[in-house]
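Novice: These are the residues of each chain, in order.
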Amino acid sequence: MAFSDVREYTHLTDDEIEAIGAELDEIRREIEASRGQDDRDYVTRVITLQRRLAAAGRITLFASFFPPAWLLGTLMLGSAKILENMEIGHNTMHGQWDWMNDPEIHSSNWEWDTTQPAEQWKHSHNYIHHQFTNVLGHDNDVGYGILRMSRDQKWTPYNLGQPIYNFMLAAFFEYGVALHDLDIESIRKGEKDPKLLKKQLKQIGDKIGKQALKDYVMFPALTGPFFLQTLTANFTANIMRNVWSYMIIFCGHFPDGAVHFTEEELEDETRAEWYLRQMLGSANFEGGKLLHLMSGQLGYQIEHHLFPDLPSNRYAAISVKVKDICQRYDIPYTTGPLYKQYGQTLRTIMKLSLPNRRTSDNPAPVTPREKRRLRDDERPTRRSELGKWSGAASV
Amino acid sequence: MTEPLIERSSALRQLRRLGKAMTTPLLPDDYLALVNPLWSQRELRGRVEKVVPETENAATLVIRPGWGWTFDHAPGQYIGIGVEIDGRFHWRSYSLSSVPLVEGKTVSITVKAMPEGFLSDHLVNGLEPGTIVRLAAPQGDFTVPDPPPEKMLFLVGGSGITPVMSILRTLDRRDSIPDAVLVYSARNEDDMMFVHELRVLALRYASFTFYERFTDADGILTPDQLDDVCPDWADRTTWACGPAGMLDAFTQHYETYGLAERIHVERFTLAAAGGSAAGGEVTFGVGGPTVDVDGATTLLEAGEKAGVNMLFGCRMGICHTCDVPLASGRVRDLRSGDEHGEPGEYIQTCISVAAGDCTLSL
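Sequence order for the protein chains is A and Z.
Under UniProt numbering, the letters of the first sequence match residues 1 to 395, in that order.
Under UniProt numbering, the letters of the second sequence match residues 1 to 362, in that order.
Treat the hints with care, since some could be wrong.
Just a sample of chain Z residues kept apart from chain A, beta carbon distances all over 12 Å, derived [unchecked claim]: (1) Arg16; (2) Gly117; (3) Pro129; (4) Arg199; (5) Ile220.
In silico DSS-like links for lysine-lysine, alpha-carbon gap of 27 Å or less [what the hints assert, rightly or not]: (6) A:Lys321 x A:Lys351; (7) A:Lys154 x A:Lys351; (8) A:Lys210 x A:Lys199; (9) Z:Lys50 x A:Lys214; (10) A:Lys195 x A:Lys154; (11) Z:Lys50 x A:Lys202; (12) A:Lys214 x A:Lys202; (13) A:Lys351 x A:Lys340; (14) A:Lys214 x A:Lys189; (15) A:Lys199 x Z:Lys20; (16) A:Lys198 x Z:Lys105; (17) Z:Lys20 x A:Lys210; (18) A:Lys210 x A:Lys289; (19) A:Lys198 x A:Lys154; (20) Z:Lys105 x Z:Lys50.
Quick partial rundown of chain A residues pointing at chain Z, CB under 8 Å, derived from the structure [stated by the list, open to error]: (21) Asp5; (22) Arg7; (23) Gln37; (24) Asp98; (25) Met100; (26) Trp112; (27) Leu213; (28) Phe219.
No lab work stands behind these hints, which were simulated from the structure alone.
Note that the structure is predicted; figures quoted are calculated from it, not measured.
Backbone N, C-alpha and C fix where the C-beta goes; we use that ideal spot for every residue, glycine too.
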């Protein structure tokens, strides 16, 4: 069910909520004060590893006619893309490494190896998703505008196709992400500035063009007679990255236990309540160091949502403290093995393709709707700036 | 300025375009730098080859720049140097003391460790040969025209000698120092950088006069003493570099005599000329914090105070490391007093203040 007030849900007093907020602020201060050489060494090591892996994969694929080489090259290239998108790109664009004052690893100019332009990602993800996490009608990450992920979202016959949409979204996730910031809802309502839309589409088109030229024309052409083998290898590497990042991201907010909120929650929300919403709306998964590296430390989704711009290599240590806070205040801390978390997510997707009355309430009952739904003009304002880029569009 | 080789050769340019298409969204440089850190043009960089002590607390850093560097700086110009300390890059500007294009493929800067100047101290005492540093291209108009004027005067205090050294060495290389007087103040002889080289120059060139002033013994040189050390100073084109107090005093002296256009000054601190602006509400990036900023606080300072991680370099408007695009609103350049307000225009946050409400794209 979706909640309209984190306080009601957690049964905490105002003072307790503020105390939790203060403890979390203290964790942030500690980390910020202790960032240094070790953290820089970590990120530069990962970047070096990723670039070597990408180069090795591309080189191996010059022998793509030889099936074991095809397989090895594809795996290396796919892993490099995963590392780049998850541990390097996503985290750098959050500003996790901005403190290093290094223009080569900085959120202001990082561009990542996927079809979504960084500029638009920083708006749709860093701002919309991280600010309005799990608030229905505000956070486009709830089902990516394609899937019904909460019993509070209205069912239509369209949802019967969810198993298929889900499969397509997983396979072509990078294109779903690319369209993310267009805000399909505002286009449907005719509120979208057509000039801005055109500009965004052009930016996306350019990026897709560059990515496709590299993976599907240049490198295949370089391998001459083995054009087709290299092309399929690159395509497979991209799919591998798509499916993996889709799975990791869907395990962040949809396993059982992670809750959704209604927009009433946003009214007069304090910073401490925002922290609480992040904790309640996110889910971790357990695993070894390699799994966490390959998922950009998003197995610590709760910690990431509390401190999106602290260096990702610190999340493991932060999680010990956050878990302790949750225990002391009796707040749920959702976690489990990856297969279980994804299994629950998949079950929800399948289940919610049917109307509510056809499925059991378990695990999430619908909110009793005492209040009517707010009209659009009554909703908290939703920001739509896009940085330098929308400023330029209005000229 | 001559373009780097890669920009001049059309074959190389084509190759680079191909390389870019293959490595997008990165650059070929990002992969080449894995082999040799100097093989990248993404940021100018260099390797410290030697650290040569000059005095007890000053040293010359000989740096081999990487790709993209042009060795044709004008003598007297300065460069930015970015050094990593405990994971963070810190930037300062130093005048080049080397002569363009002669000392192999290296450039040199001479740094004096300042008390409480943790970066200058690190550069003098803590930098190992082999360290990779970031560089910013040579800039500055503290230069001598070619051909030089017939009569010149250099007024120098302390480490202000470095740009003048580059100028004198360049003239020496052409075997022709015109009528030039150098008035050089330092605390004492041990503290006077390049003193031996300068004495040799003065012996070799009858046209070059070197006046040494040791302030521990003789006190600071004041403008009214100028007549004693260089009676015809008013006939000479003057270049002055040194502590702010000294520069202010001499600039005023020249102005009093109506000779303001005869003195060229190099300052290494931010000189705010444009006064203050209205101030306003500044928003740091989409969804970022909005703070009230007065018209005297730079946007960089305001951002840092608001907890925003902003790129910075020299903090005095020369290196452009801190540039960010303006999304909306107007800002004022503290040095010139000019206002900027084109959406999307890049502004230097270290020397800009808010002229009304504005939003930066971070």
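Novice: Now tell me, hint by hint, if it's right for this structure.
Specialist: Now the hints, each set against the structure:
Every CB of chain A lies more than 12 Å from the CB of Z:Arg16, the least distance being 14 Å, so the non-interface label holds. Listed as outside the interface, Z:Gly117 is consistent with that label: its C-beta sits roughly 18 Å from the nearest C-beta of chain A, beyond the 12 Å cut-off. No Cβ of chain A comes within 12 Å of the Cβ of Z:Pro129; the nearest lies about 20 Å off, and the non-interface call holds. No Cβ of chain A approaches the Cβ of Z:Arg199 within 12 Å, the least distance being about 42 Å, so the stated non-interface status holds.
At roughly 37 Å from the closest C-beta of chain A, the C-beta of Z:Ile220 stays outside 12 Å, upholding its exclusion from the interface. Simply put, A:Lys321 and A:Lys351 have alpha-carbon atoms about 35 Å apart, too far for the 27 Å limit, and the pair is violated. Using a Cα cut-off of 27 Å, the hinted pair A:Lys154 and A:Lys351 holds, with the two alpha carbons roughly 14 Å apart. Between A:Lys210 and A:Lys199 the alpha-carbon distance is near 17 Å, which keeps this suggested pair within the 27 Å criterion.
Pair hint Z:Lys50 plus A:Lys214 does not hold up; C-alpha atoms about 42 Å apart against a cutoff of 27 Å. For the hint linking A:Lys195 to A:Lys154, the alpha-carbon distance of about 31 Å lies beyond 27 Å, and the restraint is violated. Between the alpha carbons of Z:Lys50 and A:Lys202 the distance comes to roughly 50 Å, so the proposed pair goes past 27 Å and is violated. Among the hinted pairs, A:Lys214 with A:Lys202 is consistent with the structure: their alpha-carbon atoms are about 18 Å apart, no more than 27 Å.
With a CA separation close to 16 Å, the supplied pair A:Lys351 and A:Lys340 stays within the 27 Å bound. For the proposed pair A:Lys214 and A:Lys189, the alpha carbon gap of about 36 Å is over 27 Å, so the pair is violated. As the CA atoms of A:Lys199 and Z:Lys20 are separated by approximately 23 Å, the hinted pair is consistent with the 27 Å bound. A threshold of 27 Å between alpha carbons decides the hint, and for A:Lys198 with Z:Lys105 the separation of about 49 Å lies outside it, so the pair is violated.
Restraint check for Z:Lys20 and A:Lys210: satisfied, since their Cα atoms lie roughly 10 Å apart, inside the 27 Å limit. At roughly 33 Å between alpha-carbon atoms, A:Lys210 and A:Lys289 are farther apart than 27 Å, so this suggested pair is violated. Restraint check for A:Lys198 and A:Lys154: not satisfied, since their Cα atoms lie roughly 30 Å apart, outside the 27 Å limit. About 13 Å separates the Cα atoms of Z:Lys105 and Z:Lys50, which keeps this hinted pair within 27 Å; it holds.
With a least beta-carbon distance of about 23 Å to chain Z, the hint placing A:Asp5 at the interface is violated under the 8 Å criterion. A hinted interface residue such as A:Arg7 counts as satisfied when its beta carbon comes closer than 8 Å to some beta carbon of chain Z; here the least separation is about 25 Å, so the hint is violated. Hint on A:Gln37 holds. Least Cβ distance to chain Z is approximately 5 Å, under the 8 Å limit. Hint status for A:Asp98 relative to chain Z: holds, with the closest Cβ pair at about 4 Å, below 8 Å.
Against a cut-off of 8 Å between C-beta atoms, the interface hint on A:Met100 holds, since the closest Cβ of chain Z lies about 6 Å away. The closest approach between the C-beta of A:Trp112 and any C-beta of chain Z is roughly 6 Å, which is under the 8 Å cut-off, so the hint is satisfied. Residue-level restraint check for A:Leu213 holds (minimum Cβ-Cβ distance to chain Z is 6 Å; threshold 8 Å). At a threshold of 8 Å, the smallest CB-CB gap from A:Phe219 to chain Z is about 7 Å, leaving the interface hint in force.
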